[in-house]
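S.K.: This is what each chain is made of:
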Amino acid sequence: MSQGTFGALRGQLLDAAAAFADAPSALADILSGMVDDVDRALGEELEIFPVCHHSPASALAMVRRLREKQPKVVYLELCEDLRPLLDELRNCRLPVALQAFASDLDGFPPGSGPLSVVAPITEASAEYQAIAYALDTPGVELVLVDRSADHVFQWLPGERPAEPQAAPADDDTAGHDEDAALHGDAVGVEIGDLRPRFAELEAHLLHHGKVRHWSEWWDQYVEQPLAGADYDTYRQVMVLIGSLFRRLRPAEDDRSSRDEDRERYMWTRMREHLATSGADPADCLYVCGAYHAASRVEQFGLSSDVPYDISPRTGTRWLYGLIPSSQSAIEAQFGLASGSVSIAAATWSKALTRWGVTSFRLDGQKGAAKRAKRAPLPAPAPQGPVTDRLSGFLANPPTLDGLDEAELLGWCVDIVRLARRNGYLASTADAIAVFETSILLAGMRNRARPTPYDFQDAAVTCIEKDVVPGRRDVRRLCEILLGGDRIGQVGYEALPPLARDVYDRLEPLGVDLEKRTIQRALLDLAANPELGPCSHLLWMLRRLLPEDAVRPIMGERRLGERSIQESWDLAIGRHQRSIIELGYEGVTVEQVLEQRLRRTVWAPKATAAVALAAVEDSILYLGSRRFTEELGARAVELLSAERTVDDAPDVLRRIRRLLAHYRATEPALPEWCEAFVTAGYAHYCTLLPTAFVDEETGVRQVAAMLGFLFSMESLALALGCDRAQLELAVQQSHPAAPAKVALLWAARFQLGLMPLAELREQCDELLANPLVIPAFPLYLSGFVQALEPAPALTPFVVELMSKAFGRLPDTVLLPWLPKLITTLRDQAPELVPVLVREAGRTFPAALPAVDTWVPPWSARPRSGPDAAPGRAPALAAGPVADLLAGNPAACDAVAALLGCDGEWRSTVQAGDGPGHGEVGALLALHPETADAVAVLFDHRTVAASR
Amino acid sequence: MTDDLLRAPAEVKYAEELDWLESVDDGPKPFSWRLSPRMVRLFVLGSERSDGLDREISQKWFGDRSFVERSIVTLASDRGLLLIGDPGTGKSWLAELLSAAICRTSTLVVQGTAGTTEDHIKYSWNVSMVIARGQSRESMIPSPIMTAMEQGMIGRFEELTRATSDVQDALISILSEKYVSIPELDDDSIVFAQPGFSIIATANSRDRGVNDLSSALKRRFNFVRIPVVTNRRSEAEIVRFRTTELLRRHQIELDLPPTLLDILLQSFADLRAAAASATSDDEKLESALSTAEQIGVLEDAILHSHFFGDRTLRAETLAGSLVGSLARRSPEDLAILNKYWHGVIEPRSKQDGGPWQDFLEGGRQAIATLS
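Protein sequences, first through last, are from chains A and B. Once you know that position 227 of the first sequence is 227 in my numbering, the rest is easy, because the numbers rise by one and skip nothing. Once you know that position 302 of the second sequence is 302 in my numbering, the rest is easy, because the numbers rise by one and skip nothing.
Be careful, since some hints might not be right.
[What the hints assert, rightly or not] No farther apart than 20 Å at their CA atoms in a straight line, the calculated lysine to aspartate or glutamate pairs in the EDC-like style are these:
1. B:K178 <-> A:D473
2. A:K515 <-> A:D569
3. A:K210 <-> B:E237
4. B:K339 <-> B:D281
5. B:K218 <-> A:D569
6. B:K218 <-> A:E436
7. B:K218 <-> B:E118
[Unchecked claim] From the derived model, a few chain B residues whose C-beta atoms are all more than 12 Å from chain A:
8. S36
9. D51
10. V68
11. L75
12. D78
13. K178
14. Q194
15. E253
16. A292
17. D300
[What the hints assert, rightly or not] Covered stretches of chain B (chain A as the covering partner; in silico rule of three or more C-beta atoms under 8 Å from a C-beta of chain A):
18. 6-17
19. 57-66
20. 324-333
Read the hints as simulated data drawn from the structure, not as lab findings. We put the CB at the ideal spot given by N, CA and C, even for glycine.
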């Protein structure tokens with residue numbers, strides 16, 4: 001155990017090699033092969049810089065090497081088509097992710113989109129150092145050489161897997177909330193992925209390394225010893241580890257062949273670049289994962305001239321952008337232990353101060369304190385020949401950091417404070433205990449100083465009791481303490497045009513949209529009409545963004561409504577990714593909305609109701625007449641093509657709303673509306689007989705059809721439809737289901753084909769027939785539905801319902817009641833007000849009146865003059881009748897035109913003179929009013945004559 | 001000596017191993033510990049090649065390494081250790097192993113029950129001796145905890161939460177002042193704890209509500225929660241390890257077919273998943289479905305087939321034992337098992353065949369007999 005830290009690493013690697021090699025000779029092969037790999041990678045003419053993701057040691061070595069060598073060209077293992085995005089990094093607060101996004105697929109199986117690739121960039125990474133150096137140093141070229149985002153998906157086998165890195169999820173990653181979901185369902189790519197390729201090897205290393213997860217293993221066995229190592233040692237050790245993992249990978253593995261393809265790709269690209277640019281390989285640096293540094297592909301090395309055909313990209317159009325990322329999102333995406341990226345970030349900033357190294361930063365990078373002006377880089381130092389540092393390094397103990405007591409004490413005090421704030425009964429005694437336990441744990445785990453992981457364990461041991469009092473447990477508190485999660489933000493300049501446009505247009509609100517908290521915006525549109533466009537935009541965003549990105553608290557946008565005050569909860573900062581992804585669809589929000597509406601309307605599954613909804617949206621949000629008409633025309637098309645009437649209620653509701661809107665705002669109905677009404681009239685007339693008998697079609701649908709036909713009738717007739725069509729359709733309908741029979745009766749009543757008395761008689765017969773009584777509620781249901789198409793029937797429905805409640809036995813009535821209630825609740829806006837109003841008119845208002853109350857239908861004489869069928873209704877005498885009788889020519893002409901023979905009947909009864917009996921009697925009894933009016937008129941006449 | 005005992009304590013059973021570890025241990029030892037913390041861990045978790053030892057030390061407790069490390073470190077600090085977890089997760093076994101490794105005595109145990117009194121924790125008197133000679137240190141009967149204090153050893157308190165609150169609180173002064181005073185004596189009236197003294201308590205998280213710990217006592221203990229093992233591989237290892245031990249104890253020659261072990265593990269995993277998704281207590285088995293329970297089922301099946309069967313373990317017998325040990329409440333548990341048998345095992349036996357079919361048959365019979 002006295003061999004020191006690298007001795008331990010060697011022991012670990014040899015053990016692993018021995019455990020997974022098949023035979024003793026295989027072990028020897030592996031070991032010598034590893035040395036060969038190191039030799040080969042280091043002997044390569046083009047300098048290879050092996051890195052590991054989220055490794056501060058890599059970043060540190062990178063800074064040192066860049067300062068020393070100052071290469072002119074940096075090749076980076078990153079999708080080559082992401083290059084233009086890198087310049088925008090300086091406008092962002094890291095971590096952010098480079099994203100390639102495609103929704104118009106060409107060459108990929110349909111339905112697999114949208115495709116999205118993300119490559120997160122953190123500040124504590126070697127790649128960021130390389131990027132910052134290359135972009136901010138004049139004369140340095142940065143070349144991305146890895147396969148394009150398109151190839152990422154081309155090379156994915158078969159079905160697209162959810163996560164390309166099926167890393168074992170760590171048990172405690174689950175608790176993290178929305179920040180972990182920042183990348184959506186994108187496929188992650190990463191520079192320097194270095195992790196055992198099969199679970200058994202990782203389990204073996206973790207078990208024998210006596211650590212819990214991969215990040216801890218890496219930290220203890222590689223990261224810490226490498227932090228102070230010189231460049232040669234760093235390189236050799238990294239390649240050694242890469243080589244080991246490479247040699248101990250499963251034989252048939254899709255990923256391995258993909259990795260080899262990537263290596264071929266990268267080397268081919270680099271050779272191409274060197275040939276075209278004529279750069280000196282000695283001035284170049286190739287930054288790639290340690291795994292790729294130990295590559296055995298035949299294209300490896302500049303000296304190789306084995307050709308490799310790069311497959312062409314598909315025709316898919318890729319869009320690029322930056323999206324905000326977070327440390328927890330990175331951990332979730334790549335299966336790292338929760339908190340490991342945060343700890344790496346903390347280690348990195350500590351290492352910078354400890355080793356006195358100045359890191360590279362892009363000019364204008366947000367999110368950190370301003371640095372003094374950068375000193376120019378010193379002259380590059382020439383590189384000596386590569387010497388074998390590995391053997392010495394593996395044999396000798398490196399100098400380790402001593403215990404950083406002040407830091408640990410700080411942690412202990414802070415965790416206790418944090419725990420108290422989160423409801424734990426922690427005290428100073430606990431701080432002491434945590435301190436002591438950390439040191440004991442580190443000692444037991446063979447570490448010279450407690451790592452953050454030891455500290456975390458100690459804190460959990462000493463502070464966590466049987467229950468977690470608050471929202472966060474001690475483990476989570478430790479993560480927060482050790483840096484917490486950092487959430488990146490994409491700066492304004494790096495946003496796509498749409499997002500920038502949104503930010504610009506919302507500026508009048510005076511709200512800081514970059515904040516990640518929910519912000520309240522108040523819009524008094526009456527007092528500040530200039531805020532109108534903001535409100536308009538917010539409504540559009542409401543339509544396009546996820547539910548809680550923008551949320552109206554007060555105010556509504558519906559046809560015919562306009563709010564004078566609005567209040568909004570804005571969480572745009574938190575949903576930056578959604579806005580950025582919206583930017584992939586278009587340049588402005590309007591354009592995106594237009595495209596989406598168009599897409600829904602032309603989708604194969606679109607229905608007339610969907611199209612009408614789109615029309616409504618277009619009127620509400622876009623206000624473009626031409627576009628609305630296009631959508632409307634599509635709605636007409638869809639309606640005529642429909643073979644079912646499932647959507648009829650929806651169609652009816654929407655077209656009514658739209659007609660009301662147009663009547664209120666426009667002088668004439670738009671053409672498509674007229675076309676819709678006429679097409680609908682014909683369409684529903686045609687389908688009516690089938691719908692009446694079809695068992696699949698519900699009563700509600702038929703009622704909605706009738707509603708459409710009756711309520712649009714006048715308009716349709718005005719537009720040239722023929723009423724006979726409807727009458728025929730009703731006559732052809734022969735429903736069997738009781739509810740539909742009731743509907744048919746209602747329709748016939750509405751058409752004047754069935755007088756009320758007959759209807760009442762029919763129903764009374766039903767009620768009197770004991771065999772039909774069990775089905776009576778079904779009839780009633782039909783009548784309730786008929787309220788919509790035949791509102792004139794309302795008093796009768798109330799009457800029928802009262803009779804049913806009065807006469808039906810409980811066994812029939814009670815099972816039906818819930819159904820009635822649910823029907824009424826579902827269709828409350830249409831049915832309930834009508835019914836309640838009518839009931840209010842019919843029934844007495846106060847309790848005492850009930851005793852003496854006689855229902856109007858019982859009080860009405862059974863054989864009144866109105867009820868007698870077959871007799872023409874009595875003509876009301878009056879001035880109009882007098883006028884018509886006096887000048888019959890016009891009426892006769894109309895009658896002749898219509899082909900009716902009529903005869904004039906006398907309206908004057910018993911020679912009462914020009915008045916009416918009742919009115920005359922009333923006036924004779926109370927002449928005062930008439931006299932007063934007469935006097936008034938008299939005065940007027942006098943005044944006028946003067 | 002181990003042969004004469006039905007169950008030898010860990011320090012007796014592994015005496016030879018402990019002696020050897022002590023002889024090679026050159027690490028720093030806290031207080032009067034017999035082994036250094038690293039060696040304690042090695043004793044509990046077994047050795048590996050990378051430890052560079054000349055002989056192999058077998059693994060005795062299966063579970064997360066960090067639990068053991070945290071427990072050992074707690075004992076080296078001045079707080080007591082409270083192991084908390086579901087029944088059958090190996091809390092007591094871990095406590096026994098730790099005290100055996102640290103002080104070679106794991107028998108200083110107080111069992112917490114509703115009837116435990118303060119005398120069991122502190123001391124009581126030998127009445128006849130008090131009558132004969134009066135109150136003195138000779139006529140006093142020290143409790144196991146007090147003995148541990150006097151000798152600088154580890155005292156164990158099993159099922160701490162089963163004891164009433166006032167009895168529990170007697171531990172507060174022992175854990176903070178580290179002495180017990182005996183007011184009945186005029187001189188020599190205080191027993192001070194020697195270095196190395198600590199307490200390992202265990203508590204059952206299922207009955208936590210019985211007598212909740214006071215916060216004063218809580219803060220004198222470090223809690224280490226031992227979860228139910230759900231990892232298939234380590235569970236298989238535990239079951240195999242414990243069963244071999246049992247077989248050796250009963251001197252039974254019988255081999256355990258791996259397919260049957262798989263069936264056992266799979267059915268426990270299924271039942272655990274069912275219990276996790278149940279919404280009320282009536283929908284889940286009363287049993288905690290711990291690893292210890294599995295061992296119990298297997299042991300039962302083995303004994304049954306050894307004494308009443310043809311000395312080979314069969315799937316039917318296993319199914320019978322499983323139903324027999326899990327069906328505690330009738331009809332709730334039986335209904336759940338019945339549902340499980342017909343909803344899960346039946347389709348599986350059709351699909352996979354093999355021993356699952358016998359398992360299905362055996363279970364059906366057992367359920368029919370019980371209901």
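S.K.: Starting from the hint list further up, note which numbers the structure goes against and sort them upward.
M.R.: When the structure is compared with the hints, numbers 1, 5, 8, 9, 10, 11, 12, 18 and 20 turn out to be violated.
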